[in-house]
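Take each chain as given, in its own frame, and dock them per the hints.
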Amino acid sequence: MWRLSARALLFVLMSCSAAFASDDIVQKAMRDELDRSMRELTLANLERPYFIAYRIMDVTSTSASATFGSLIRSRENHVRMLNVEIRVGDYSFDNTGFISARSDRGDRGSSGFVNVLSLDDNYEQLRRYIWLATDIAYKKALEDLAGKQSIARNKNLSEGVPDFTHEYPVVADDIQPSIDISRLEIEKRVRSVSSLFREMPEVLTSSVRLLVANVDTRYINSEGTAFHKLQPWVSFDAKAALQASDGMPLDNSLAIYARKWIDLPTTEEITSRLRRMVAETSSLKRASPLGNYNGPVLFEDEAGAEVLEQVFLPGLLASKAPVSDNPRLLAASAQQQTSFVNRIGSRVLPSFVGLSDDPTLEEYLGKQLPITYKIDDEGVSSHATVLVQNGTLKTLLSTRTPVEGLSHSTGNRWGEGPMATNVVVAVSKGYSRSELRQRLLRMVTERGLDYGIIVRRVSNPVLADQEDGYRQPGSTSSEAPLNCLLAYKVFPDGREELTRNLQLSGLNATAFRDVAGVSTDLTLITEPMRTASVTFLDGGDPNVVSVAAPSLLFENVTLGTPTVDAPRPPVMPHPYFDSRN
Amino acid sequence: MVSGVGARFAWRFGLRLASLICVFAVCSPTTALSASSSVVMQAMKQELARSQKLLGQQTVTPYFISYGITQTEGMYVTGSFGALTGSRQELHRVLDVDVRVGSPEMDNTRQIRGRTSEFAFPGHPSPIEVPVDDDLDSIRAVLWYRTDKTYQQAVEQLTRAQTNTQVETEQEDRSADFSHDVSQHYSEPLPHLKIDKALLEDKVRKYTAAFASYADIYEATAVFVATAETRWYANTEGSEIQTAQTYYRLYIQAVTKAADGMELPRFETFWASAPERLPDDHTVLSAVQKIISDLRALQNAPVVDPYVGPAILSGRASAVFFHEVFGHRLEGHRLKRDYEGQTFKRRINEQVLPAEFSVYSDPTVHRLANQDLAGSYDYDSEGIRARKVAIVENGVLRNFLMSRTPIDGFPNSNGHGRNQPGFAATARQSNLIIEASRPVSHEQLKKMLIEEIKQQKKPFGLLFDDITGGFTITRRIMPNAFNVMPVMVYRVYPDGTEQLVRGVDLIGTPLTAFTNIVAADDQPAVFNGICVAESGAIPVSAVSPALLFSEVEVQKKSKSQERSPILPFGD
Chain A
1 MWRLSARALL FVLMSCSAAF ASDDIVQKAM RDELDRSMRE LTLANLERPY
51 FIAYRIMDVT STSASATFGS LIRSRENHVR MLNVEIRVGD YSFDNTGFIS
101 ARSDRGDRGS SGFVNVLSLD DNYEQLRRYI WLATDIAYKK ALEDLAGKQS
151 IARNKNLSEG VPDFTHEYPV VADDIQPSID ISRLEIEKRV RSVSSLFREM
201 PEVLTSSVRL LVANVDTRYI NSEGTAFHKL QPWVSFDAKA ALQASDGMPL
251 DNSLAIYARK WIDLPTTEEI TSRLRRMVAE TSSLKRASPL GNYNGPVLFE
301 DEAGAEVLEQ VFLPGLLASK APVSDNPRLL AASAQQQTSF VNRIGSRVLP
351 SFVGLSDDPT LEEYLGKQLP ITYKIDDEGV SSHATVLVQN GTLKTLLSTR
401 TPVEGLSHST GNRWGEGPMA TNVVVAVSKG YSRSELRQRL LRMVTERGLD
451 YGIIVRRVSN PVLADQEDGY RQPGSTSSEA PLNCLLAYKV FPDGREELTR
501 NLQLSGLNAT AFRDVAGVST DLTLITEPMR TASVTFLDGG DPNVVSVAAP
551 SLLFENVTLG TPTVDAPRPP VMPHPYFDSR N
Chain B
582 MVSGVGARFA WRFGLRLASL ICVFAVCSPT TALSASSSVV MQAMKQELAR
632 SQKLLGQQTV TPYFISYGIT QTEGMYVTGS FGALTGSRQE LHRVLDVDVR
682 VGSPEMDNTR QIRGRTSEFA FPGHPSPIEV PVDDDLDSIR AVLWYRTDKT
732 YQQAVEQLTR AQTNTQVETE QEDRSADFSH DVSQHYSEPL PHLKIDKALL
782 EDKVRKYTAA FASYADIYEA TAVFVATAET RWYANTEGSE IQTAQTYYRL
832 YIQAVTKAAD GMELPRFETF WASAPERLPD DHTVLSAVQK IISDLRALQN
882 APVVDPYVGP AILSGRASAV FFHEVFGHRL EGHRLKRDYE GQTFKRRINE
932 QVLPAEFSVY SDPTVHRLAN QDLAGSYDYD SEGIRARKVA IVENGVLRNF
982 LMSRTPIDGF PNSNGHGRNQ PGFAATARQS NLIIEASRPV SHEQLKKMLI
1032 EEIKQQKKPF GLLFDDITGG FTITRRIMPN AFNVMPVMVY RVYPDGTEQL
1082 VRGVDLIGTP LTAFTNIVAA DDQPAVFNGI CVAESGAIPV SAVSPALLFS
1132 EVEVQKKSKS QERSPILPFG D
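Protein sequences, first through last, are from chains A and B. Using the numbering used here, the first residue of the first sequence is number 1, and each one after it goes up by one. Using the numbering used here, the first residue of the second sequence is number 582, and each one after it goes up by one.
Just chain B, same shape as in the assembly (with noise of 0.2 Å):
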């Protein structure tokens, strides 16, 4: 996680324990009402035709009104140490209203130029809680209550909106503010969480109780998390749409120091849309000695000085460059409002990569390299079905990913708007998918490595075999650059030995980075994480081949002050 200026758009991985959810529990899914017959569909419809009806006798009336209404329910269960730390279980109902005046072509959604500053950036709104119980009409209560507010607050954007376009020198993007998209109908059987509370239970008590062994461990902690989401979706276009997704989840970490005070984090996720496919013990506990042995390496680990030089992203590692350098850049949005840097609006059809290299989004693939894709839904939401995006074909960049605020030359949404229940949405990535043509093997690309360094003449390259995340600036108001945090970095010296460093952050700029890609290898792999940016929380994956990098900067990472603990632990 990160703060500062534009720099929210994080790979989170793993929040903090208090706020994290939880479980380890079977999905089944059931026989359930369709989304016509559902209460909450039947108080969206009869609200939207009320509203509609009633709005339309304002003077100002509403051209467009929708309601998102998503149900989770959630479990959590936490244990540091061989201990449980925390068990909850929840299930709650949040709502979002999109009331639209003016019309497609300028509506209340406008951007305020010149009245918004560059370095604001959305707060959590308080989320809309709706009554969980299916009662009619509670959740039109509700429901018609923060229709009139929208509404209210609509009316009153678009008079600023409309003042501001005379105002302000004349728009650069001239496209509409709402795309025209066909409605939809799509149902799905509700998902429910059947819960052995006393098996997570015990569960991280068991995957915890290794690194009670090690008093320089200072943190230790296993997180179950499942959550049940329903979503129910309905417009005035006549949209309805019941969507069920179920994610199982479970974050080890562990914290060492090194001696001189640097904090030392590892991690593993592993991330399935059904409980069979979350890992038995045996894997769990493998990776928490190799979790064990990495930290225990890391602490004797030598500290990296920026470098400059040739480097291999392992696959993860180049997932989630990719997802922070070029993905965030692809985001529509991004391309419309006047104070983003826009890296990449007026290159469509120009090479933007090497020309081996293809980038997808694709919602609709739920399983790739062995793994379940977090970033996979049937329907975005704003109501549009979700679709494969070509964005780079063999280097060439061909589009972008679209909510249904169109941008010139894609008037239409590509099933990419998204939120966290409770933001407005706008366009995201789902699962960025990475594809090299003329891909090598592993030990291949690693020799290229090392040609690279003798060409260079270069003491060492840089393997980077794991990472925790990333961050990057989009904003014109500061440098675009790009942080992506590594753990587990190896130099690689020009007769192949490696040797395990610490301390470093990869950073550049997005467009030098993508000149100096050389090749790809022939495995591809997936990172699953949580995205933050305005529109919210949301769960996405990139899947990438490891790469070849002719020159990469690391800089400092910034380090804790911190002694190590006066005393032992324990008499």
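Chain A with its partners taken away, still in its complex shape (with noise of 0.2 Å):
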């Protein structure tokens, strides 16, 4: 059955125009071998495919990276990307969802359906590399398939759930201004941020890195879904590594996004920013560790969104669980479920919170946001969804795959998998900053506790992964725990006392339903997220969201101390400031 909302058919119908130039040569050599292969493409008498889909990605690039106000690396990059999609069976029952050591086939472009295409538009050599593509994917679909099934008839495959949503098709264009920015005007940006940590002798290492790119993608399918949307975006970030007296590292790191160049910040206001953050990372070497501690937690600004983002947004992706004939591949994938799938009709949050993602969203509070799309990467109209309505979990984030209790994609596939974009929390009844404080210290006092906790940044796993500014393609992070980079006691008379070596356990999303207050105010922050989802830029991966959240209060979290070992602080001075002493 074919169901669209309201708002989503608007859309088509507004967008009813053709979402290629007619000489597009990439276009019409995706839509001949399209064509040729949904009416050509079978072998002997197994099933031909039900749908296939293009995707073709043009990445074009410049990144550069500086330490102690000197270039380290950059460069110009420019990869065309093919994403070939495949599905054998029908919407019911298809190949995909399926996993097996044997799925590889360890053949010629097996590995991986991401091909790279010329950058010159050549039809023949683009139309060949989609035929060998779509030749490997179909023969990959049909060995799926026939494993799928073999399962299927021993197992009950959450039945009445279907592989694959049907969808109207949509014909679009989502063109946002493409960013050209020089090399040279990049690498200048990122000496003089960089040079900054000439001042900061506290500071052992430091690396501050810039990417502006520009992601052409060029999609259709067999469904008539056809859409071109180029989506630009700027990536900055700046790590400071310090160090406490007794080796504690002190990382911090700051990270910057946006869709415009001018939305990035003057290098006056990132160097005001960095100023800060290292002046704050700096305190905390006098600080004194923490150790383990069992209370209330108040995280505060920043750290509300950042939590929820890190621990609760996941449970909000819908993922279905993959089918395989192997045992270990499906621990290690059931390692990595944490949707809320079963959970639609629960309460998550508490009733006086509500939380959406609208992916359209261009701005908020004045502020622009640095992802947004109006069209997801399965050519599904995107649109606000109100994901958890005082309280209770209502839908989830999802794709064309659907899960049990959804029937159709929320316009949420970005990569390969679904993706929060720009999240909103609703307060109905929240407190003020002093008030919040002061539940806190009323529940310390009521616990019979010497102090409480805020904090106010937690950690990104995601950007702590970068080694020299250069994000590992492909890190998640899953597993990584979450520390707290600056956390307080706060005792019952109001006094804060700068704490380290704070890290979470035990906080997951399930506890996020008895969250005992929140203030009114809400905090904006834009971070990468911890997903499974591919990442497509060279040299970082914008898997980012943007979340408003406000402060959040709990009655009890669990802090550890970090299991890292602290290695020794350096024997001899750092010779820049040496001399200058």
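A portion of the hints provided could be inaccurate.
[To be verified] Dumping the calculated BS3-like pairs for lysine-lysine here, alpha-carbon to alpha-carbon at most 25 Å:
id, chain 1, residue 1, chain 2, residue 2
1, B, Lys730, A, Lys139
2, A, Lys367, A, Lys260
3, B, Lys787, A, Lys28
4, A, Lys188, B, Lys775
5, B, Lys1140, A, Lys139
6, B, Lys1038, B, Lys1028
7, B, Lys1039, B, Lys1027
8, B, Lys871, B, Lys1138
9, B, Lys871, B, Lys1027
10, B, Lys871, A, Lys285
11, A, Lys260, A, Lys139
12, B, Lys1028, B, Lys1039
13, B, Lys1038, B, Lys1137
14, B, Lys871, B, Lys784
15, B, Lys1140, B, Lys871
Everything labelled a hint here was simulated from the structure, so no lab data went into it.
Put into structure tokens, the structure is as follows:
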């Protein structure tokens, strides 16, 4: 049964213009091979594809990194990549969602659906690669379908949940202005920002990286959907490594994302923020380690949004458990399943809190949001989705791979899976900053504790994974623990004392149901999210989400000490600062 | 490229497209800064002096510190089926730091015996990047931090090594951990690439266009690589070295499939140290046509079953054979570590090859058999001057390839300590040159093959004409076998007729293999490639005449099970 929301239908009607220019060679190669494959691709008496989609992404990027005021590396890159999706069977049961140790054919090109294509608009070459990639994908699809069918004969595979949703075809353009900034300008900027660290003797090592990219995506599928979208992207990050006298590493980072060059803060603004960040981190050198703690914790301002993003949001991504003939693969996959699939209709947040996601949102409270799109990576029109209303889970962010209770995509496919984009928390009963703090202190007193904890920054493991400013592709850090970067003991008399070495342990998405209080004010953050979604940008993928969330007060959180070894501080002083003493 | 325990000593030919660096460029050495006046060298010297002074005040003091900074200016351009698929230019610098504590007799690099898994193989270290701006302060900041880290690791490692020597049995090799070698001063002008990027892009399009006429050629790639590499080296013994090298490389590969699914690759490489020695378009396009005709012939060639019998290895195939089977077993550090096979350790002054064969490793020779050699250099990665080493003279083993890691009886380096920037240097090959004192003509060698076939009453012999690469295993935990991967193999029948065949790899064990060499021809051939081992990927060459073996063994090659595409190409 085909259903479509009124809003999505409106969008389809409004955008029924051609997605591609009439002389678009790339689109012609995609279209011709798709038409032929749907018409002719079959092997003996095996099933023909019921669905084929091609996605070609042109990623043009320029990046540079610097340390201590000097350029480390810069590069310009342009790649054109093809992604082929072929489905055999039917919408209710097809080849997808099957993982097998035997699935990788180990043959030419079969290790990935992504193929590097001609940068020239060379019809013959494009057509050849699409043809070969289609052939390999079809053969793999047939084998996966057979493997899945053999398991289905013996097991009851989520009966009633189809493998693919029906969606109305959409033809649309979603072209944002591209960014055209020279490599020299980017190099100049990273040198300039990085030179700030020559004023900071407490910083052992530092790196500054800036990436500007334009991601041009063409998509067509056999249902008639076609879109062409261009997403510009600016990604800046700076890292500073400090060390406490006992050797404990004190790393911190600043990440800024934008979709327009002018939205990137000026060098002066960035250096000002970095000064503040380093000053905060540096103050930790004098802080005493906390040890173990169990009691009320207030995640204030940014930390509220950070902990919500890192712990709670992954549960809102609809992920379907795969089918496999390999128990080990299944077990590994199950470990990554964090979705609230079976909790729709249940309370997952306090009754005074709601939450929605809207990829079409371009700004929030006057601030430009770095990611916005009208159509997702499967050609489904995107829209605002209310996920939690009065604390109750209403739906999940989904793709065309449905899960129990969801029959349609919410238009949130980003890369290889669902992804949150612009999340806004709605608070119907919140407290002022001081009221929330008073509630924390009341809990401390009631429990007879010496102090409570206020956390003001939580580390982001994805950013922490970056080596010298370059993120390792595919890094998700789903298992990485969360460290509190900036935390304070707060005593009943209101006095605050900076503390360090705090690691969140045991705080899971379920715990958000019992949030004891939230602030009225929201804080907007944008940062990488821990998802398994495949990356696409050279040097650092924006699996980035913007979250506007309140401060969060939990009645009971366990904080432990990180188990990492504390290396000895340097034996020798920094040569630059040593020579100036 | 191979994988598996101990099997990484690969003669790698052609990295995957995405990782290739390339170019077709004009390299004009310029009158540049001398070593001592370059900012990089100044930074290294200042930090060496400071580290020596400050770390000298510690309880455990370093007796040796060295820095190597390698700057690579590179560009790659790739094409496929007549279209451009990639074009990139890069400049980066990578740091190598060596800090040694203890004494040359025993230091922190001593092998921890009984605790190192024989399956362990060092992974790819994260390169330590150094600013490309010639800024003294920022370069010194990187040197300082990494020196400090390396020093602290060295102190910890020395404690472990000292305990290990007490706990474990006495080490078989009683040589020192570090050689006493003479400090060096040397400086070459800095190299620069002058690159016509558009020209390169046109060339890769042109060189791959012919493949587009064949629907059954599934991959067709041309890669131009050019790098201008500058290396600064300094140590606390007083060495100051600035060397410069340029590489220009064109790599063309195409792949088809046989009806049984077997993938059939064919390639050509051209390697030059100067752009003017790269081939002209006519030469390259002729090579492309040869690749196409070879692929079509291979599609129809019969598959060979496992076989033992006489064979000729062409000069290029013999070169790879010697590199894998012989050369890797002469690398000094492999004769020190107790988990290595140490095939030749006790064979000095003994006959290891037929008496007419001599083998040299000579990084100082830059061109042979009308080809530039990839394994040439003036100074090795440890700052030791390159020199010719006579490894085998008239069949008798005389020497090993030595880095500054001594072995019993060989206390000094002979200029073969090499590494990919970011890896620790070990003894590696350079230009391995095999000479025969009584060569015969190639025609005579073929006649000798036919005589062997008849004498052994075999239905045919084999001729290995071209190969893609090979690998060998040198550790004790696994059989010390080798595998050379041919692509153009012919059956040679007693009547002299030849038939192209496919689907076999040349395998064997080293000591047996060398006893089967019967004769060599008089046409040395060069194989330039990239060799991958513990100290990373480095350019090497091997030069050999064609060799007649009384017996070789071949096994079936692993084969793709994938059918050819279902639909034809295009409409």
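A quick look at each hint next to the structure:
no., hint, verdict
1, B/Lys730 - A/Lys139, "violated, 51 Å"
2, A/Lys367 - A/Lys260, "holds, 12 Å"
3, B/Lys787 - A/Lys28, "holds, 24 Å"
4, A/Lys188 - B/Lys775, "holds, 24 Å"
5, B/Lys1140 - A/Lys139, "holds, 17 Å"
6, B/Lys1038 - B/Lys1028, "holds, 15 Å"
7, B/Lys1039 - B/Lys1027, "holds, 15 Å"
8, B/Lys871 - B/Lys1138, "holds, 23 Å"
9, B/Lys871 - B/Lys1027, "holds, 23 Å"
10, B/Lys871 - A/Lys285, "violated, 68 Å"
11, A/Lys260 - A/Lys139, "violated, 42 Å"
12, B/Lys1028 - B/Lys1039, "holds, 15 Å"
13, B/Lys1038 - B/Lys1137, "holds, 23 Å"
14, B/Lys871 - B/Lys784, "holds, 18 Å"
15, B/Lys1140 - B/Lys871, "holds, 24 Å"
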